[in-house]
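Asker: Since chain B is already given, all that's left is putting chain S on it; use the hints.
For the record, the sequence lines run as chains B and S. Note that the numbering used here gives residue 117 to position 117 of the first sequence, counting from 1, and the numbers run on in steps of one. Note that the numbering used here gives residue 1114 to position 114 of the second sequence, counting from 1, and the numbers run on in steps of one.
Heads up, some of the hints might be wrong.
Unchecked claim - Below are the DSS-like pairs computed for lysine-lysine, each with C-alpha atoms no more than 27 Å apart in a straight line:
#1 K1125(S) <-> K160(B)
#2 K160(B) <-> K1061(S)
#3 K1125(S) <-> K1091(S)
#4 K274(B) <-> K1116(S)
#5 K1018(S) <-> K1239(S)
#6 K1193(S) <-> K1109(S)
#7 K1018(S) <-> K274(B)
Claimed, not checked - Which residues of chain S face chain B? A few of them, derived with a C-beta cut under 10 Å, are:
#8 A1060
#9 A1075
#10 V1079
#11 A1162
Derived from the structure by calculation, the hints contain no laboratory data. Glycine included, each C-beta is placed from N, C-alpha and C at the ideal position.
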Amino acid sequence: MINSWRKNWNTGMMGVFTLSAILSLIPLFAVLGYVIYNGLGSLNWDFFVHLPKGLGMPGGGMANAIVGTLILVALASLVGVPIGFLAAIYLVEYDRSSWFSTLTRFTTDVLTGVPSIIIGIVVYTAIVVPMKHFSAWAAGIALGIIMIPVVVRATEEMLKLVPHTVREAGLALGIPRWRIIISIVVPTSAKGIITGIMLAVARVSGETAPLLFTALGNRYWAKSLNEPIASLPVQIYSYAVSPYEDWHRQAWAGALVLVFIVVILNLGTRYIFKERQK
Amino acid sequence: MGQSLSVRNLEAWYGSQKTLTGIDMEIPSNHVTAIIGPSGCGKSTFVRCLNRLHETLPGAKMKGEVLLDGSNIFAQDQVQLRRNIGMVFQKANPFPSMSIFDNVIAGLKLNGVRNKEKLRQIAEKSLRMAALWDEVSERLDNSGMSLSGGQQQRLCIARALAVEPSVLLMDEPASALDPIATLHIEELISELKNQYTIVIVTHNMQQAARIADSTAFFLNGELVEHGPTSEMFTNPRDKRTEDYISGRFG
Chain B
1 MINSWRKNWN
11 TGMMGVFTLS
21 AILSLIPLFA
31 VLGYVIYNGL
41 GSLNWDFFVH
51 LPKGLGMPGG
61 GMANAIVGTL
71 ILVALASLVG
81 VPIGFLAAIY
91 LVEYDRSSWF
101 STLTRFTTDV
111 LTGVPSIIIG
121 IVVYTAIVVP
131 MKHFSAWAAG
141 IALGIIMIPV
151 VVRATEEMLK
161 LVPHTVREAG
171 LALGIPRWRI
181 IISIVVPTSA
191 KGIITGIMLA
201 VARVSGETAP
211 LLFTALGNRY
221 WAKSLNEPIA
231 SLPVQIYSYA
241 VSPYEDWHRQ
251 AWAGALVLVF
261 IVVILNLGTR
271 YIFKERQK
Chain S
1001 MGQSLSVRNL
1011 EAWYGSQKTL
1021 TGIDMEIPSN
1031 HVTAIIGPSG
1041 CGKSTFVRCL
1051 NRLHETLPGA
1061 KMKGEVLLDG
1071 SNIFAQDQVQ
1081 LRRNIGMVFQ
1091 KANPFPSMSI
1101 FDNVIAGLKL
1111 NGVRNKEKLR
1121 QIAEKSLRMA
1131 ALWDEVSERL
1141 DNSGMSLSGG
1151 QQQRLCIARA
1161 LAVEPSVLLM
1171 DEPASALDPI
1181 ATLHIEELIS
1191 ELKNQYTIVI
1201 VTHNMQQAAR
1211 IADSTAFFLN
1221 GELVEHGPTS
1231 EMFTNPRDKR
1241 TEDYISGRFG
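This is chain B alone, in the form it adopts within the complex (with noise of 0.2 Å):
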């Protein structure tokens, strides 16, 4: 009696792990079948080629927004990366437990948790206010900050997953601690490190809110990092609330390749460091 009870329990409770593990996917397939249904049939290669036409012209495309993104994300790297990746190395290696590195991580948690549009109007503030004018430099900086804790908490738990006790054969090795930083924990945690980095950048560049205060959008190309600066999420925004059915095309267009955008980066980042470590 007693056994049969248990086993209709178990195929019961088996029953809502499956389903709500498949509720989980359900999110992830419709947004991504959504886009690329919408967005294939609007993509063309002018798409990719030329520049927005004027207001409620048909035809024209996103390329000045797409190179605008991959400039942006770029930016935003070269400040959050860094940064993140070093700040991460100091509280694993040098200082686990002191005051400063408990304030550090408790305000990277906080920054986490702080909404990119207020991240967007400090650095309006800060950088565009006393500059004058929007730049790409104030959006990659808004979007570095972004990225900063996000890469410092998923570098940090992969440090902390490498064992002490390797660590230890690099000291007892008379290898110094730099050193073993560099050529032995890094390099045995570089997959998940990668991957957090990823996931920062794959973040960051849907980021919308920051944008509008720093970058503003251009319909032209950006002569230089000092002048705003046309990206994809900015663009469909804009295009997506337009009145013009052409316009709304070409935002689902956007969003398809913002998506592949951030596919691509993953998987070509996996590649080459996968080529690497052959």
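Answerer: Leaving out everything else, chain S in the frame of chain B:
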């Protein structure tokens, strides 16, 4: 050639907890010295003091003198010192991101030795000394983690030998291994003592009896007795040693 160690009034702490009190001990060169004692008696701490690994832990302190061929190790640069006093740990700890070959030469390469031919020669020599060459010579580029537990431990021994230390500390090197792998390691130790001074921590009294020239018995952070192994096991001077080796406690 091995170098001798003399330990004078060595004390060690973890935070406020004292784990070693007033250890005086002579460790002759080219000898195998076994450290035995129950868990928590400070035997691991003792060997970790000898290469100053103890003081790399947060809150750990040590005091006293350890003379390596007459010169105090606390006056030496600790990174340099550890190239001269190698160590093998209880659990094999090859570097996970490195190949077998890179593991062996890690201590040299990461200290700036670039000569490829020299590195290759040293790798082969060290692997041969660790009795691992024949098993891995065909797959030096495979990951060190691809080896079995016993092979990994011998890889760690080869890695320690590659930097050509004069003293080799072994902290229960065979405790995680099966009897055959243990036998490999024990044979190895007997050969290595021609060139190295060996200090081995072991839980296993039979092992100490098999391989050690002299044995030291630690209890509650004190050195109770230290003497030639045969004497220690047949005719211990201290009552506590006798109780321990006859299995009455520990």
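Asker: All hints are to be evaluated individually against the structure, with a verdict given for each.
Answerer: Evaluation of the provided hints:
no., hint, verdict
1, K1125(S) <-> K160(B), "violated, 35 Å"
2, K160(B) <-> K1061(S), "holds, 24 Å"
3, K1125(S) <-> K1091(S), "holds, 23 Å"
4, K274(B) <-> K1116(S), "holds, 24 Å"
5, K1018(S) <-> K1239(S), "holds, 24 Å"
6, K1193(S) <-> K1109(S), "holds, 26 Å"
7, K1018(S) <-> K274(B), "violated, 48 Å"
8, A1060, "violated, 12 Å"
9, A1075, "violated, 17 Å"
10, V1079, "holds, 5 Å"
11, A1162, "holds, 8 Å"
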